[in-house]
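The residues making up each chain are set out below.
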Amino acid sequence: MHGQDVTLNGVSMRYPNGFVAVEPTDLTIRAGEFFSILGPSGCGKTTILRMISGFLDPTTGSIAIGGRPMDGIGPNQRPTALIFQNLALFPLMSVRENVAFGLEARGMAKAERRRRADDLLSLVALEGQGDKKPGELSGGQRQRVAVARALAVEPAVLLLDEPLSALDLKLRQHMRAELKDIQRKTGVTFIYITHDQGEALTMSDRIAVMNRGRIEQVGPGEEIYNAPATAFAATFVGEQNRFTGTVVDADSETALIETPLGRLSGLNRHGLKQGENAHLFVRPERMAVALNGHAADLDNRLDARLERRDLEGPFLNLFLRAGDMPLTLHVTNAGDGMTLEKDAALPVGFRRKDAIVLRAEG
Amino acid sequence: MGALTRSFGKPLSFGFIALVAIWLFGLILLPQISMIQRAFQVEDRGGVSAQLSIDIDKLYVRKFDIEQQLKALEQPTAAQPQAPSPFAPSMGQAPAAPSPNDPFAGLSAKKAPAGDPAEIEAKRKALQAEQNAVSAKIADLEAQETGPAALDLRYSLENFTSMSAVHFQIFVATLFYALCVTVLAFLVCYPVAYAVATAGAGNRAAMLLLALVVPYAINELLRIFAWVMILERQGLFNSILNALGVIDFSAGEGFRFVSSNGAVFAVMVYAYVLFMVFPIYNTIETLDRNQIEAARDLGASTWRIHTRIVIPHAKPGIAVGAIMTFMLSAGSIAVPEIVGRGMHPDWFSQVIYRRFFEADSWNQGAAYSLALLVACMVFILAVMAVFKVGIRDIAK
Numbered sequence: 001m002h003g004q005d006v007t008l009n010g011v012s013m014r015y016p017n018g019f020v021a022v023e024p025t026d027l028t029i030r031a032g033e034f035f036s037i038l039g040p041s042g043c044g045k046t047t048i049l050r051m052i053s054g055f056l057d058p059t060t061g062s063i064a065i066g067g068r069p070m071d072g073i074g075p076n077q078r079p080t081a082l083i084f085q086n087l088a089l090f091p092l093m094s095v096r097e098n099v100a101f102g103l104e105a106r107g108m109a110k111a112e113r114r115r116r117a118d119d120l121l122s123l124v125a126l127e128g129q130g131d132k133k134p135g136e137l138s139g140g141q142r143q144r145v146a147v148a149r150a151l152a153v154e155p156a157v158l159l160l161d162e163p164l165s166a167l168d169l170k171l172r173q174h175m176r177a178e179l180k181d182i183q184r185k186t187g188v189t190f191i192y193i194t195h196d197q198g199e200a201l202t203m204s205d206r207i208a209v210m211n212r213g214r215i216e217q218v219g220p221g222e223e224i225y226n227a228p229a230t231a232f233a234a235t236f237v238g239e240q241n242r243f244t245g246t247v248v249d250a251d252s253e254t255a256l257i258e259t260p261l262g263r264l265s266g267l268n269r270h271g272l273k274q275g276e277n278a279h280l281f282v283r284p285e286r287m288a289v290a291l292n293g294h295a296a297d298l299d300n301r302l303d304a305r306l307e308r309r310d311l312e313g314p315f316l317n318l319f320l321r322a323g324d325m326p327l328t329l330h331v332t333n334a335g336d337g338m339t340l341e342k343d344a345a346l347p348v349g350f351r352r353k354d355a356i357v358l359r360a361e362g
Numbered sequence: 001m002g003a004l005t006r007s008f009g010k011p012l013s014f015g016f017i018a019l020v021a022i023w024l025f026g027l028i029l030l031p032q033i034s035m036i037q038r039a040f041q042v043e044d045r046g047g048v049s050a051q052l053s054i055d056i057d058k059l060y061v062r063k064f065d066i067e068q069q070l071k072a073l074e075q076p077t078a079a080q081p082q083a084p085s086p087f088a089p090s091m092g093q094a095p096a097a098p099s100p101n102d103p104f105a106g107l108s109a110k111k112a113p114a115g116d117p118a119e120i121e122a123k124r125k126a127l128q129a130e131q132n133a134v135s136a137k138i139a140d141l142e143a144q145e146t147g148p149a150a151l152d153l154r155y156s157l158e159n160f161t162s163m164s165a166v167h168f169q170i171f172v173a174t175l176f177y178a179l180c181v182t183v184l185a186f187l188v189c190y191p192v193a194y195a196v197a198t199a200g201a202g203n204r205a206a207m208l209l210l211a212l213v214v215p216y217a218i219n220e221l222l223r224i225f226a227w228v229m230i231l232e233r234q235g236l237f238n239s240i241l242n243a244l245g246v247i248d249f250s251a252g253e254g255f256r257f258v259s260s261n262g263a264v265f266a267v268m269v270y271a272y273v274l275f276m277v278f279p280i281y282n283t284i285e286t287l288d289r290n291q292i293e294a295a296r297d298l299g300a301s302t303w304r305i306h307t308r309i310v311i312p313h314a315k316p317g318i319a320v321g322a323i324m325t326f327m328l329s330a331g332s333i334a335v336p337e338i339v340g341r342g343m344h345p346d347w348f349s350q351v352i353y354r355r356f357f358e359a360d361s362w363n364q365g366a367a368y369s370l371a372l373l374v375a376c377m378v379f380i381l382a383v384m385a386v387f388k389v390g391i392r393d394i395a396k
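If you're matching them up, the sequences are chains D and E in order. Residues 1 to 362 in full-length UniProt numbering are what the first sequence lists, from first letter to last. Residues 1 to 396 in full-length UniProt numbering are what the second sequence lists, from first letter to last.
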């Protein structure tokens, strides 16, 4: 099995009722990578998946897989395999027949496809379960049957439509590792659709963040988390403290914005100019309490009051209020007994390089 | 029972149970039992008992005749013409023409002469005496007829074993015809049911179903006659062919579509289409559309998607539809009677009808219908076993 690259060239999807599910999109997914499309429900990510698999024809643009244009090629002719959200296993067939179905459709002899199906079942750690019906398996096992069934047709690209969403948390975390492992072993290109940022961040080589039919940012998980390109990407992935204001001073590296809480500065990666409306984002774990001399290197300072304090064990969640702005801080539990009363005044701050200034939308 | 009283109260539950009991016993069990009993009973209507009933009929005729004469004597001036005997049509005999073996032939009717009172009185006496004698004789003969000795009624398999070779051929052919209708109906209905079930949510499916149901608001006989008009020698179908120049009416050309088994099949498929469409539609509708897409995604052709995914899933619905269509077509009488007009191979239902109402042999008719019922049941169970459909699947 070899993964192939997928190229979307100006692909858009407009439904007959006028709803635009996907705006014109250019996207290249590299051969053999684990690529996630992350976005809220209704953002058009499943539409992209269905266009790649061939169940939907793009309104404009074209899709190529392995350099071969896919126009007019049906889902049964494409080098893709799709794993459905509800898995769509065939309940009346045995597990082995399920896995071998694609081979049966290709006219492979019975003994040969039986052997291949058993090989695949051992790849997904389901040896000896071939004679059961899918209904007799657990959720995680059914998941693996679906993967084996899709891999049986030796696809160059495996498309996964939120396949883990029906599983409970423990199983989901386990299946993440397993999917990643299978992807590494087979070298197939995985395109994974999810609204769960945890799944996207842990498994993916690269992530596309999608909102309202538009891909807002593509990059490795760290880049998405540490250097979001848009306000949506910044807030959808992980938690953020957001300050809104107007840029009063900007150069190629940093920007200073005027907010109701005073002037705050952060990195200016997207070349904002003076006078633009902007948001400044800081992650809760990048903020610090400016007490006991910890404050030396904090470029930005705020006076806040403590509203609530939750102990998570390894770290503390502090919920504060600065003026009428709610703030969240994650601080490491250093064991120095930060025993603060409610409404206690608490100066907090953050470094310029930990904050990012992004253009306010619309 | 306790749950029923709790939910509906005593009077209502009692009503329910009474209605169910009436339905179960009065409408299902009793008629069936009586028919089964009849089927195994032979009523010998030749010989003694037949002669008895003929004699009784003749005596009634005579009695009526005497009564008329007595009336005439009491009103000597009003010499009415004799009214025809009410028994005449059933016996096919003129009332005043006694057969040679009539035991009262010597006293047969004469026009009562108007004469002197003494003579009339004597005549009246004689007639009254005869009337009494005839009444007594009738009572005697009727006692014999209803008595155990005269009516030769016994339990036997004769009603079945006496089925003629021709009837048996029709019996077997009918099962085969019903099978043909069922297969044809399936071929027609499966694509329809699939199309409706996968038409997508909302209005389209509802409209399609409505379009299917609306013709069924029309009486079955009218629907059959509509087909006769289409298939008739100078009907719609041939008219279209005539207009297209394929055939020429003026030269006496025209296909005789009606009165053939093909026409009977076609009309029957139409008549029972819904019984096939709905169960199949219901099962296909429960199929997860993703399974069809998954199969296509894995490279399956349309044919394979249907044979491996859709039909196995719809099997219980197909079984229900096939059973209903088979039973209905095996027992249908209106379609072969109206469309066939006796010029096509007979269906067994027609033979049964004639046994009941033309041969006047209810016992043999009951036996024939029981034989058809049992054959249909055996056939259905066999088909279910072959296709591995259980009763439980059907109940779903």
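Bear in mind the hints are in silico, worked out from the structure with no lab data behind them. Ideal placement from N, C-alpha and C gives every residue a C-beta, glycine not left out. Some hints could be false.
Claimed, not checked - PhoX-like, lysine-lysine: derived pairs with alpha carbons at most 25 Å apart:
{"no.": "1", "chain 1": "D", "residue 1": "K273", "chain 2": "D", "residue 2": "K185"}
{"no.": "2", "chain 1": "E", "residue 1": "K63", "chain 2": "E", "residue 2": "K10"}
{"no.": "3", "chain 1": "D", "residue 1": "K133", "chain 2": "E", "residue 2": "K315"}
{"no.": "4", "chain 1": "D", "residue 1": "K132", "chain 2": "E", "residue 2": "K315"}
{"no.": "5", "chain 1": "E", "residue 1": "K388", "chain 2": "D", "residue 2": "K132"}
{"no.": "6", "chain 1": "E", "residue 1": "K123", "chain 2": "E", "residue 2": "K137"}
{"no.": "7", "chain 1": "D", "residue 1": "K132", "chain 2": "D", "residue 2": "K110"}
{"no.": "8", "chain 1": "E", "residue 1": "K137", "chain 2": "D", "residue 2": "K133"}
{"no.": "9", "chain 1": "D", "residue 1": "K133", "chain 2": "D", "residue 2": "K110"}
{"no.": "10", "chain 1": "E", "residue 1": "K63", "chain 2": "D", "residue 2": "K110"}
{"no.": "11", "chain 1": "E", "residue 1": "K71", "chain 2": "E", "residue 2": "K137"}
As the list claims (entries may be wrong) - DEER-style ranges, computed between Cβ atoms:
{"no.": "12", "chain 1": "E", "residue 1": "F8", "chain 2": "D", "residue 2": "F19", "range": "42 to 52 Å"}
{"no.": "13", "chain 1": "E", "residue 1": "G2", "chain 2": "D", "residue 2": "R212", "range": "37 to 47 Å"}
{"no.": "14", "chain 1": "E", "residue 1": "V188", "chain 2": "D", "residue 2": "G42", "range": "52 to 62 Å"}
{"no.": "15", "chain 1": "D", "residue 1": "R115", "chain 2": "E", "residue 2": "L29", "range": "54 to 64 Å"}
{"no.": "16", "chain 1": "E", "residue 1": "L209", "chain 2": "D", "residue 2": "L169", "range": "37 to 47 Å"}
{"no.": "17", "chain 1": "E", "residue 1": "V192", "chain 2": "D", "residue 2": "E136", "range": "49 to 59 Å"}
{"no.": "18", "chain 1": "D", "residue 1": "P91", "chain 2": "E", "residue 2": "L209", "range": "21 to 31 Å"}
{"no.": "19", "chain 1": "E", "residue 1": "S7", "chain 2": "D", "residue 2": "G135", "range": "15 to 25 Å"}
{"no.": "20", "chain 1": "E", "residue 1": "A382", "chain 2": "D", "residue 2": "G42", "range": "48 to 58 Å"}
{"no.": "21", "chain 1": "D", "residue 1": "R115", "chain 2": "E", "residue 2": "V192", "range": "40 to 50 Å"}
{"no.": "22", "chain 1": "D", "residue 1": "P91", "chain 2": "E", "residue 2": "V378", "range": "27 to 37 Å"}
{"no.": "23", "chain 1": "D", "residue 1": "E154", "chain 2": "E", "residue 2": "P215", "range": "47 to 57 Å"}
{"no.": "24", "chain 1": "D", "residue 1": "E136", "chain 2": "E", "residue 2": "G200", "range": "51 to 61 Å"}
For each hint, the structure was consulted:
{"no.": "1", "hint": "K273(D) / K185(D)", "in the structure": "48 Å, violated"}
{"no.": "2", "hint": "K63(E) / K10(E)", "in the structure": "59 Å, violated"}
{"no.": "3", "hint": "K133(D) / K315(E)", "in the structure": "18 Å, holds"}
{"no.": "4", "hint": "K132(D) / K315(E)", "in the structure": "21 Å, holds"}
{"no.": "5", "hint": "K388(E) / K132(D)", "in the structure": "19 Å, holds"}
{"no.": "6", "hint": "K123(E) / K137(E)", "in the structure": "21 Å, holds"}
{"no.": "7", "hint": "K132(D) / K110(D)", "in the structure": "18 Å, holds"}
{"no.": "8", "hint": "K137(E) / K133(D)", "in the structure": "82 Å, violated"}
{"no.": "9", "hint": "K133(D) / K110(D)", "in the structure": "19 Å, holds"}
{"no.": "10", "hint": "K63(E) / K110(D)", "in the structure": "90 Å, violated"}
{"no.": "11", "hint": "K71(E) / K137(E)", "in the structure": "22 Å, holds"}
{"no.": "12", "hint": "F8(E) / F19(D): 42 to 52 Å", "in the structure": "50 Å, holds"}
{"no.": "13", "hint": "G2(E) / R212(D): 37 to 47 Å", "in the structure": "59 Å, violated"}
{"no.": "14", "hint": "V188(E) / G42(D): 52 to 62 Å", "in the structure": "41 Å, violated"}
{"no.": "15", "hint": "R115(D) / L29(E): 54 to 64 Å", "in the structure": "59 Å, holds"}
{"no.": "16", "hint": "L209(E) / L169(D): 37 to 47 Å", "in the structure": "43 Å, holds"}
{"no.": "17", "hint": "V192(E) / E136(D): 49 to 59 Å", "in the structure": "35 Å, violated"}
{"no.": "18", "hint": "P91(D) / L209(E): 21 to 31 Å", "in the structure": "26 Å, holds"}
{"no.": "19", "hint": "S7(E) / G135(D): 15 to 25 Å", "in the structure": "34 Å, violated"}
{"no.": "20", "hint": "A382(E) / G42(D): 48 to 58 Å", "in the structure": "53 Å, holds"}
{"no.": "21", "hint": "R115(D) / V192(E): 40 to 50 Å", "in the structure": "41 Å, holds"}
{"no.": "22", "hint": "P91(D) / V378(E): 27 to 37 Å", "in the structure": "32 Å, holds"}
{"no.": "23", "hint": "E154(D) / P215(E): 47 to 57 Å", "in the structure": "51 Å, holds"}
{"no.": "24", "hint": "E136(D) / G200(E): 51 to 61 Å", "in the structure": "33 Å, violated"}
Of the numbered hints listed earlier, those contradicted by the structure are 1, 2, 8, 10, 13, 14, 17, 19 and 24.
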